[in-house]
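2 protein chains.
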Amino acid sequence: MRIVLDAMGSDSAPAPDVEGAVWAARDFGETIILVGDAERVRAELAKHKADGLPIEVVHAASVVTTHDKPSQVGKTKRDSSMAVGLDLVRDGKADAFVTAGNTGAVLALATLSTLRRISGVKRPCIASLIRLGDKTIILTDLGANADARPEWLVQFGAMASLYSQHVLGRERPTVALLSNGEEESKGNTLVKEATALFPVSGLNFIGNIEPKDMLRGAADVIVTDGFVGNIALKSMEALGDTLFGLIRANIAGGGLRVKLGALLVAPALRVVYRQVDVFEIGGAPLLGVNGVVIIGHGRTNAKGIRNAIGQARAAVQGDIIRVLREGMAKFEPEST
Amino acid sequence: MRIVLDAMGSDSAPAPDVEGAVWAARDFGETIILVGDAERVRAELAKHKADGLPIEVVHAASVVTTHDKPSQVGKTKRDSSMAVGLDLVRDGKADAFVTAGNTGAVLALATLSTLRRISGVKRPCIASLIRLGDKTIILTDLGANADARPEWLVQFGAMASLYSQHVLGRERPTVALLSNGEEESKGNTLVKEATALFPVSGLNFIGNIEPKDMLRGAADVIVTDGFVGNIALKSMEALGDTLFGLIRANIAGGGLRVKLGALLVAPALRVVYRQVDVFEIGGAPLLGVNGVVIIGHGRTNAKGIRNAIGQARAAVQGDIIRVLREGMAKFEPEST
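Chains as they are written, first to last, in the numbering used here: chain A, 1 to 336; chain B, 1 to 336.
Keep in mind the hints are simulated off the structure, nothing from the lab. Possibly wrong hints are sitting among the right ones.
Any copy will do: because identical chains look the same in the list, a pair fits if it lies in one copy or spans two.
Below, in silico cross-link-like pairs of lysine-lysine (DSS-like), each with a Cα-Cα straight-line distance of 30 Å or less [as the list claims (entries may be wrong)]:
hint	residue 1	residue 2
1	K212	K47
2	K192	K122
3	K330	K135
4	K192	K75
5	K259	K330
6	K122	K303
Keep in mind it's a predicted model, so treat the numbers as computed, not measured.
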């Protein structure tokens, strides 16, 4: 398997990106193709014991930054590490693409300039993988579609269901809509309209759930529009960061007893921290384009990159693109 | 001051409601009027040392349940503790109303059947008070308007600003829109349209912020529609509950060292827990109706009720209804 990594993707690129790639090459034994400024990437590679590992470097002349407008990159940044990397997948020279770069830009480049949409898919969506104990659930859309239509939500649910089944190994995944209450009378107009469409979609729809039910694992796939999904996930991330920050501050500001206690309780707290550490998952699959694309957090570390590459590998092993092509071709007529 | 408490409001009513009222009467010295099934309320009161405290009981023949449809309660539940309690405020027999009951029902009863909207207010909103260290910020709307219009969001910002200034004591409160990124290109259509209106609103608008900035205290007032606000807040609550649940479970399942450590570190963890314990705040003000209304969490405990009554008292002390009447009368023409 050949996995492309945008070596210039993360906020601190290429350091964490290259380190994560070396880590992944060692752990997974798959070929990693680093795309970016070849000189800088090689200089970074030289810092690691990468000799003999299946790592290749492909040069790209420019970089997509967080300031680039997604609507422009298809014209202005065709020579960027992001576009060149996606081209490798489009041209069959690689099996998957991983980036921690500008989400809007990768969405635009993948959807409009390179891989393009899978036939029958109205809008691609970003699927956030959330680990709850030993199972992984999917929250989608994470931000590809700030405004959505009810029938798109049904497709997001369909694509995420296929991912849950074929990549995460859930049998007949349950699907729910994220809402501000379980009752059908709750929800905004979009949710209410989608609530009417899901029961006839053929999906294993179980109704509407609240965030607390989501974190209890009440459904395998939770569907919402990209604005709400983004806010929900970022709200949880923000609270997690805040809480662990407060715990650290209160321990640091505590007396000797508290500090000793913290030392003893640390192993238990670390287990909890790993549960909410977004870099344990590493990246979110972009579903609905003709190729495996995993989008990492801009402020990722090497572990996040390593794990995002792991997600890409799992998606390729699950043959997700074939599954989505077949599934969405069948799905389309039923949903409209 | 006379504060009405819906004694039948909470999920476990009337026990925590009455206990919280006794606590509040003792701590604040204000008169608490308990409205509900007089026999049950008096039986509950008898369990506490309430003799000599300024507590009155007013009978109400029925109760609004979580199953009652908000659109129906104005007709079917005019004799409920909720409606009777709101009537007391409308008729000038009390200064504020507190309930931990069905949010949709109190919204409908207050807006359509009893207090009614303040002149110039297009839609009342629910303002969630979030304590960050020693300052309190407001996130609104919390769920009164699952679908909103841009100009309503501006009014939510205006009402919450007045509350922040006159009840929470912030000078010239900063106002921000909740979005999925700070850039103006981010946001859904509603946010983008509101982003254009806020700068000409006369409010101290500082732009769009993400959840993490909200928890860092980047703004005093954060505005969003009721669906998104509800999901954001519930996402944070859910993650807080999950994290503390995981911490407890990992400590309980740990060895002796971990358990000893937990004992020593407990004071520091408790400080953190209080930061995210929704019952420390107690209730969310309903802004835009002709009377102080505080809505508590259905699964509240006595402390939550006591603190919700404290919020009601602070709102009355800040003369918030007069402030909102004057402020929104002036505000209306500018915003449209």
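Hints, one by one, checked against the model:
1. K212 to K47: neither (44 Å within a copy, 34 Å between copies)
2. K192 to K122: Both: 20 Å inside a chain and 23 Å across chains, each within 30 Å.
3. K330 to K135: Within one copy, since 28 Å is at most 30 Å while 54 Å is not.
4. K192 to K75: between (39 Å within a copy, 25 Å between copies)
5. K259 to K330: Neither way: K259 and K330 sit 59 Å apart in one copy and 55 Å across, limit 30 Å.
6. K122 to K303: Intra 34 Å, inter 50 Å, cutoff 30 Å: neither.
When the structure is compared with the earlier hints, violations turn up for hints 1, 5, 6 and for no others.
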